[in-house]
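Student: Residue numbers (numbering that gives the first Met the number 0), protein chains in the order written: chain Y, 0 to 283; chain E, 0 to 279.
These are computed hints drawn from the structure, not numbers from a lab. Worth double-checking, as some hints may not be accurate.
Chain Y residues, not near chain E, derived (Cβ > 10 Å throughout) [what the hints assert, rightly or not]:
(1) Gln11
(2) Asp37
(3) Glu54
(4) Thr61
(5) Thr64
(6) His144
(7) Leu146
(8) Phe154
(9) Asp180
(10) Leu203
(11) Met222
(12) Asp224
(13) Arg275
According to the in silico footprint, chain E covers these stretches of chain Y (three or more CB under 8 Å from chain E) [what the hints assert, rightly or not]:
(14) 73-82
(15) 108-114
Label pairs and their in silico Cβ distance ranges [unchecked claim]:
(16) Y:Ile74 x E:Thr47: 36 to 46 Å
(17) E:Val183 x Y:Thr40: 24 to 34 Å
(18) Y:Ala192 x E:Trp10: 43 to 53 Å
(19) E:Tyr138 x Y:Val32: 42 to 52 Å
(20) E:Ile82 x Y:Tyr9: 15 to 25 Å
(21) Y:Leu66 x E:Asp132: 21 to 31 Å
(22) Y:Thr21 x E:Glu170: 49 to 59 Å
(23) Y:Val32 x E:Arg100: 20 to 30 Å
Glycine is no exception: its CB is placed at the ideal position from the N, C-alpha and C atoms.
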Amino acid sequence: MKPTRNWIPYLQVAPLGLVFLTFLVIPIATIVVVSFFDYNTTEIIPAFLRQNYEELLASPVTWETYLQTVEFAVITWLLTFPIGFTLAYFLAFHVRSAAWQTVLFLVCTIPFWTSNVIRMISWIPFLGRNGLANMTLMKLGLIHHPLEFLLYSNFSVVLVYVHLYTLFMVVPIFNSMMRIDRSLLEAAYDAGASGWQTLTNVILPLCKPGIAIGSIFVVTIVMGDFVTVRMMSGGLSASVALMMANAMSLLQYPAAAANAVVLLILVLITVGLMMRVVDIRKEL
Amino acid sequence: MYSGRRGPAFWLLAAFFTLFVLFLYGPTITILVLSFQGPSGQLTFPMTGFSLHWFRNLFEPQMVGDFAGALRRSLVLGVAVMIVTMLFSFSAGLAFRSRFRGSNIIFYLAIASLIVPSILISLGIGLLFRVLDLEPGWYTSAFGAHLTWTLPFGLLIMFAIFNRFDRRYEEAARDLGATPWQTVRHVIVPIVAPSLIGVGLFGFTLSYDEYARSLYTAGNFNTLPLEIYGMTTNVTTPVLYALGSVTTGVSFLVIALALVSFTWMRRRRARHGSDARKAV
Chain Y
0 MKPTRNWIPY LQVAPLGLVF LTFLVIPIAT IVVVSFFDYN TTEIIPAFLR QNYEELLASP
60 VTWETYLQTV EFAVITWLLT FPIGFTLAYF LAFHVRSAAW QTVLFLVCTI PFWTSNVIRM
120 ISWIPFLGRN GLANMTLMKL GLIHHPLEFL LYSNFSVVLV YVHLYTLFMV VPIFNSMMRI
180 DRSLLEAAYD AGASGWQTLT NVILPLCKPG IAIGSIFVVT IVMGDFVTVR MMSGGLSASV
240 ALMMANAMSL LQYPAAAANA VVLLILVLIT VGLMMRVVDI RKEL
Chain E
0 MYSGRRGPAF WLLAAFFTLF VLFLYGPTIT ILVLSFQGPS GQLTFPMTGF SLHWFRNLFE
60 PQMVGDFAGA LRRSLVLGVA VMIVTMLFSF SAGLAFRSRF RGSNIIFYLA IASLIVPSIL
120 ISLGIGLLFR VLDLEPGWYT SAFGAHLTWT LPFGLLIMFA IFNRFDRRYE EAARDLGATP
180 WQTVRHVIVP IVAPSLIGVG LFGFTLSYDE YARSLYTAGN FNTLPLEIYG MTTNVTTPVL
240 YALGSVTTGV SFLVIALALV SFTWMRRRRA RHGSDARKAV
């Protein structure tokens, strides 16, 4: 680029930058500001109070909810990581023709392009009291009463998380695996490594960036989720975002904002820890 | 494992993969079947007949809020988000090919936009509009909220594309006397066009299915996911499944369109090879 044209990149990046400024930076700043505001039943009043935070952190419900949310995130990660890794491993190393790889990869990704809410609803005829799962189990004589915990429970919440978000693990891990130089695997094989040893000593370390990116996606989505918890737990479980949404519906905006700030800090710390494993900019 | 024969590991993994695909598609297929439930049928099996009753029901306005209106709004919004995502990410992708001051800030903003939970963006924009005393609308605040979700993806995909882009094509164009604009228009755009269409369609579906980011930003008129969510809480007939089938159908149509246009462009390129001399 000629030095005289130095302003061109700024012009090119300006629209994107403006969108982020208007709809990301300023709104988040608004949340932070409003979290210090006072409020009553009808309006929010500009002020500088710590009260919203004090009330939030003094309540045992808050801590329980945060614990529950973290628990959901950890359990979901513990399930989506091995499942996603196994699927990616199969696609990358066991499916040999590139055409089949593309087709099977598409098969995995297509449901992602459809509505999440609809995909949640579709579990109802499966898991309900008279759903397919219970009917089948009863017909087989394995159970005599319908299992109640299948729908509207923490079980169904986690099941839907795995259903919706495993893909976020598969794609980046698959991407990492496809970049592994195949001669490394042959070298490991020639040096006498078993398939398992190759997997744990060669493939797994080289997939770290993909695993980190997938984990960041899954964990942040679950930590900020409230639709799944609200729909699939039938009101029996809570999540931080759901707590926020409830405060919003009671028009307690500053309380919701304070909660949002705490959640944001928690998410950023979690992501910061995971980013230590990977330099995202190098991965593109 | 790396020899010619497929060992037990392959079959085990293949079985695992198949199970996962069943897990992925099973529920959707179930509601697809159940949406043809007979008029007296329930939310679960058995089927009491086979009818289009619930699909007709879906488009009767008195039955379910404003489904047709919500669908129309979501389609318009999705197309707008698609176009803007393509333009802005392409332009920003071009900018990122040269080092400019502040590029890191933009990059980390894009990452932040991905990892900040959607509900916080929604809440923030909702609060901002409230503080400024503006009326949120699906074509203003929700539009912006959706862009904060689609643009980072668009930008990251553009990075990946331009990292694999052979700059010699551009240099050749420049050597032949093309202006910067001609280089973009006749060299860069045609090369990245298929990926750019991918970015656009990706943006469309992200927007079309977005719930959390629309929640506090859509204003008085619901977009489709909000309408669907509202229905799930107060409709207990198979009309819900009909709705699911129709929206899934629209999504699949978009995916099919994407795949068809990809193959078409690839074929066209293979056939024509070069578009030399068409620039002037």
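Student: So, for every hint listed, does it hold in this structure?
Tutor: Structure-based check of each hint:
1. Gln11: 4 Å, violated
2. Asp37: 14 Å, holds
3. Glu54: Holds, because the least Cβ-Cβ distance between glutamate 54 of chain Y and chain E comes to about 18 Å, which exceeds 10 Å.
4. Thr61: 17 Å, holds
5. Thr64: With a cut-off of 10 Å, threonine 64 of chain Y remains clear of chain E, as the shortest Cβ separation is near 14 Å.
6. His144: 17 Å, holds
7. Leu146: 14 Å, holds
8. Phe154: Fine: 15 Å to the nearest Cβ keeps phenylalanine 154 of chain Y off the interface.
9. Asp180: 13 Å, holds
10. Leu203: 15 Å, holds
11. Met222: Since the minimum Cβ distance to chain E is about 7 Å, methionine 222 of chain Y lies within 10 Å and the statement is violated.
12. Asp224: 8 Å, violated
13. Arg275: Holds, because the least Cβ-Cβ distance between arginine 275 of chain Y and chain E comes to about 14 Å, which exceeds 10 Å.
14. 73-82: violated (count 1)
15. 108-114: holds (count 5)
16. Y:Ile74 x E:Thr47: 36 to 46 Å: Given about 38 Å between the Cβ atoms, the range holds.
17. E:Val183 x Y:Thr40: 24 to 34 Å: 56 Å, violated
18. Y:Ala192 x E:Trp10: 43 to 53 Å: 22 Å, violated
19. E:Tyr138 x Y:Val32: 42 to 52 Å: 26 Å, violated
20. E:Ile82 x Y:Tyr9: 15 to 25 Å: This hint holds: roughly 23 Å between Cβ atoms.
21. Y:Leu66 x E:Asp132: 21 to 31 Å: 38 Å, violated
22. Y:Thr21 x E:Glu170: 49 to 59 Å: At roughly 37 Å between Cβ atoms, glutamate 170 of chain E and threonine 21 of chain Y fall outside 49 to 59 Å, so the hint is violated.
23. Y:Val32 x E:Arg100: 20 to 30 Å: Because 28 Å falls inside the window, the suggested range holds.
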